[in-house]
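Q: Please build the complete structure, drawing on both the sequences and the hints.
Using the numbering used here, you'd call the opening residue of the sequence shown number 1166 and step up by one each time.
Note that these hints are calculated values from the structure, not bench results. Hints may be right or wrong, so weigh each one.
Cross-link-like lysine-lysine pairs, in silico, DSSO-like; alpha carbons within 30 Å at most [stated by the list, open to error]:
{"no.": "1", "residue 1": "Lys1606", "residue 2": "Lys1215"}
{"no.": "2", "residue 1": "Lys1315", "residue 2": "Lys1215"}
{"no.": "3", "residue 1": "Lys1315", "residue 2": "Lys1330"}
{"no.": "4", "residue 1": "Lys1572", "residue 2": "Lys1367"}
{"no.": "5", "residue 1": "Lys1572", "residue 2": "Lys1393"}
{"no.": "6", "residue 1": "Lys1367", "residue 2": "Lys1393"}
{"no.": "7", "residue 1": "Lys1393", "residue 2": "Lys1604"}
{"no.": "8", "residue 1": "Lys1381", "residue 2": "Lys1393"}
{"no.": "9", "residue 1": "Lys1381", "residue 2": "Lys1367"}
{"no.": "10", "residue 1": "Lys1315", "residue 2": "Lys1393"}
{"no.": "11", "residue 1": "Lys1552", "residue 2": "Lys1604"}
{"no.": "12", "residue 1": "Lys1215", "residue 2": "Lys1381"}
{"no.": "13", "residue 1": "Lys1552", "residue 2": "Lys1330"}
{"no.": "14", "residue 1": "Lys1316", "residue 2": "Lys1572"}
{"no.": "15", "residue 1": "Lys1561", "residue 2": "Lys1367"}
Each pair of labels, with its calculated beta carbon distance range [stated by the list, open to error]:
{"no.": "16", "residue 1": "Tyr1457", "residue 2": "Val1263", "range": "57 to 65 Å"}
{"no.": "17", "residue 1": "Ala1218", "residue 2": "Gln1377", "range": "37 to 45 Å"}
{"no.": "18", "residue 1": "Ala1588", "residue 2": "Ala1358", "range": "24 to 32 Å"}
{"no.": "19", "residue 1": "Ala1536", "residue 2": "Ala1588", "range": "29 to 37 Å"}
{"no.": "20", "residue 1": "Ser1560", "residue 2": "Gln1538", "range": "51 to 59 Å"}
{"no.": "21", "residue 1": "Ala1588", "residue 2": "Ala1210", "range": "41 to 49 Å"}
{"no.": "22", "residue 1": "Asp1220", "residue 2": "Ser1507", "range": "40 to 48 Å"}
{"no.": "23", "residue 1": "Gln1567", "residue 2": "Ile1371", "range": "32 to 40 Å"}
{"no.": "24", "residue 1": "Lys1552", "residue 2": "Ala1357", "range": "39 to 47 Å"}
{"no.": "25", "residue 1": "Glu1368", "residue 2": "Thr1549", "range": "51 to 59 Å"}
{"no.": "26", "residue 1": "Val1243", "residue 2": "Val1263", "range": "28 to 36 Å"}
{"no.": "27", "residue 1": "Glu1214", "residue 2": "Trp1497", "range": "39 to 47 Å"}
Ideal Cβ positions, reconstructed from N, Cα and C, are used throughout, including at glycine.
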Amino acid sequence: MNKLLGGLGAAFLSTATGAAMAGSAPPASFEQALQQAVANRTELAIEREKIRAADGRVGEMAANFKPTVALTSTVEHVHRYDPFSGVTASTNIGGQPVSVDVAANPPRYQGRLGVEVAYNLYKGGADRARLEEARQLARAAQAQYALETKKVMADAAAACAAWMKAALVQRQRARAVEMATLEAAQLQQRLAAGNASALDAKEADIRLKSGQIDLKAAARALREAQRKYCSALNTECAAPDAELAAPELNLRMPDMTALYSRFGVGGNPDAVKAEASTQAARQRIALARASYAPVVDLYYSLSNHGYSNEGFGDARSGFKREQSAVGVRLTWTLFDGFRSASYLQQEVAATEQMRLRQTMVGGETASRQVAAQEELAGLEEQLTLEKMQLELAQSKQAIGAQRLRLKLISDLDQARLAFAVDAQENRIASLTLDVTASKLKLALQ
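A: Dropping the structure here:
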């Protein structure tokens, strides 16, 4: 068994580079395979962009607490269609006649430039709710990235294990063909000596051909496992008709603590996402309630103007201050057709959904962990049993060697005993791989 694991093991996928994966060196361990999957998978790149977007929204909402500065400018050419051409008013002042001509004659070229600085004093807590909602959504985005990372790692680990197991199956099928070839040759010799029937020889030939067919099927399965493995790592595969070298086994459990620290996926991201989503929903309730409150802004404005009947150039050269103002602006919506009430109702219902989801997450996680632990325990029990079976097969092989020396059994009988030991070692290697994959599955819960 140690010879099998040592011969197959220590550096997973230490294969011919061109046969395994064109264009890049293959990962040398489960851990490296997981790292490459996390680095390459497109869905994680998407989640990272979502985190960037969520962080940008936090900055956007934080800007609501800062003053705003707005610059306004207008340039007009005025043409009046009012037929009023003016009126003359006459009166006596101190015995002297005085005439005043009043006419509608606004300047044809006008320009205005103004600036306003505004700062919100009160909005019913809406800005605070928006900022806290954005922060919670950013937490949820981080948790979703961690969840997706765990899924990618689990996918890569499963594909990695499947490729290894496919290699084990192919190896065992090759050994079976060797055994069938030996049996067929022995029966041909016995047939020639008159110690076996033609029917026995024909059955041996059929078993050999069946084994060869199984070996070809195992080669196809190995090729498909390689394709799925390359897909799980989002890396380039070898050409479909490339000759494949079997991947080497590495049954060492990766350091999940170090991987979690590197990728920032520790803890229970499912629970974190549910809790952050619930908190964000509660902030939307506060935002809905704030729509009932007045909005109070402090502002300062300054405007300049210039005008002329000659052209825009003269209007610009004649710019001067028009007015400045400091004030408090209050805006209060007294009736909006019950829009705010409906909005509040929606957010209360959505928050309750999030709260219920949060209560479910803990139970679902615990249930998955229990199932994974039970699966691991079952595999470890089976592995113990298979090791006992290996000891029995090895004992039979040792006894067979003694009987062979005493010529009590044939070389073919001893070869069958050796084949049984080899097959049992193969089953143990496959089951040990299942145990490692099950531990990974438990760690990724």
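Q: To test your reading of the hints: which numbers does this structure violate?
A: 5, 6, 12, 14, 17, 20, 22 and 25
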